[in-house]
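For the record, in the sequence shown the residue sitting at position 112 is 112 according to this note's numbering, with numbers rising by one throughout.
No wet-lab data here; the hints were simulated from the structure.
Glycine included, C-beta positions come from ideal geometry on N, C-alpha and C.
Warning: the hint list may mix true and false statements.
Pair ranges (Cβ atoms, derived) [as the list claims (entries may be wrong)]:
# : residue 1 : residue 2 : range
1 : Thr125    : Arg98     : 37 to 43 Å
2 : Ser126    : Thr48     : 35 to 41 Å
3 : Leu17     : Phe62     : 35 to 41 Å
4 : Pro24     : Thr125    : 41 to 47 Å
5 : Arg39     : Ser126    : 26 to 32 Å
6 : Ser126    : Phe29     : 16 to 22 Å
7 : Lys46     : Phe123    : 34 to 40 Å
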Amino acid sequence: MAADWGEQNRIMSFTILFLLVMLPLVLLFVGVGTTIFYRNRDAQRKPTITAWLALVLQIGMFIAFVMGSFANSSDLILDILWWGIVIFGFLSGIREFRNNVIAAMLIILISMFMAAFMLLLVFITSM
1 MAADWGEQNR IMSFTILFLL VMLPLVLLFV GVGTTIFYRN RDAQRKPTIT
51 AWLALVLQIG MFIAFVMGSF ANSSDLILDI LWWGIVIFGF LSGIREFRNN
101 VIAAMLIILI SMFMAAFMLL LVFITSM
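Sequences are here, hints too, so could you generate the full structure?
Structural data, given as structure tokens:
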């Protein structure tokens, strides 16, 4: 029973560490994004198709993962697909930065969240 309690404490400490890392990043992204948006309000355009595609892929992948759609699939294929979408979203967010700051910040933030979430899962399952 004592080993289970220690395991729960480690999982909780990783979860708290995850939240402590993500919360300042969210606040930083919101602050920087609104500052840049209000400075260059006239230069903002509609998001490009790659930005929309990255956003839809990221949200779809996260929803499918949470719903358990990948329970019977290969872990290797899931990891390649997950990290591919994370990298595609991150690169799309960087490319989108000139056109639309808010969309770029959202895509980059979701990419960072997905990367941190997968790393958290890797750390928890490796214990």
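To see whether the hints hold, each was checked on the structure:
1. Thr125 / Arg98: 37 to 43 Å: Holds, since Thr125 and Arg98 (Cβ atoms, about 39 Å apart) stay within the stated range.
2. Ser126 / Thr48: 35 to 41 Å: holds (38 Å)
3. Leu17 / Phe62: 35 to 41 Å: violated (20 Å)
4. Pro24 / Thr125: 41 to 47 Å: Since the Cβ atoms of Pro24 and Thr125 sit about 26 Å apart, the hinted range of 41 to 47 Å is violated.
5. Arg39 / Ser126: 26 to 32 Å: violated (44 Å)
6. Ser126 / Phe29: 16 to 22 Å: violated (29 Å)
7. Lys46 / Phe123: 34 to 40 Å: holds (39 Å)
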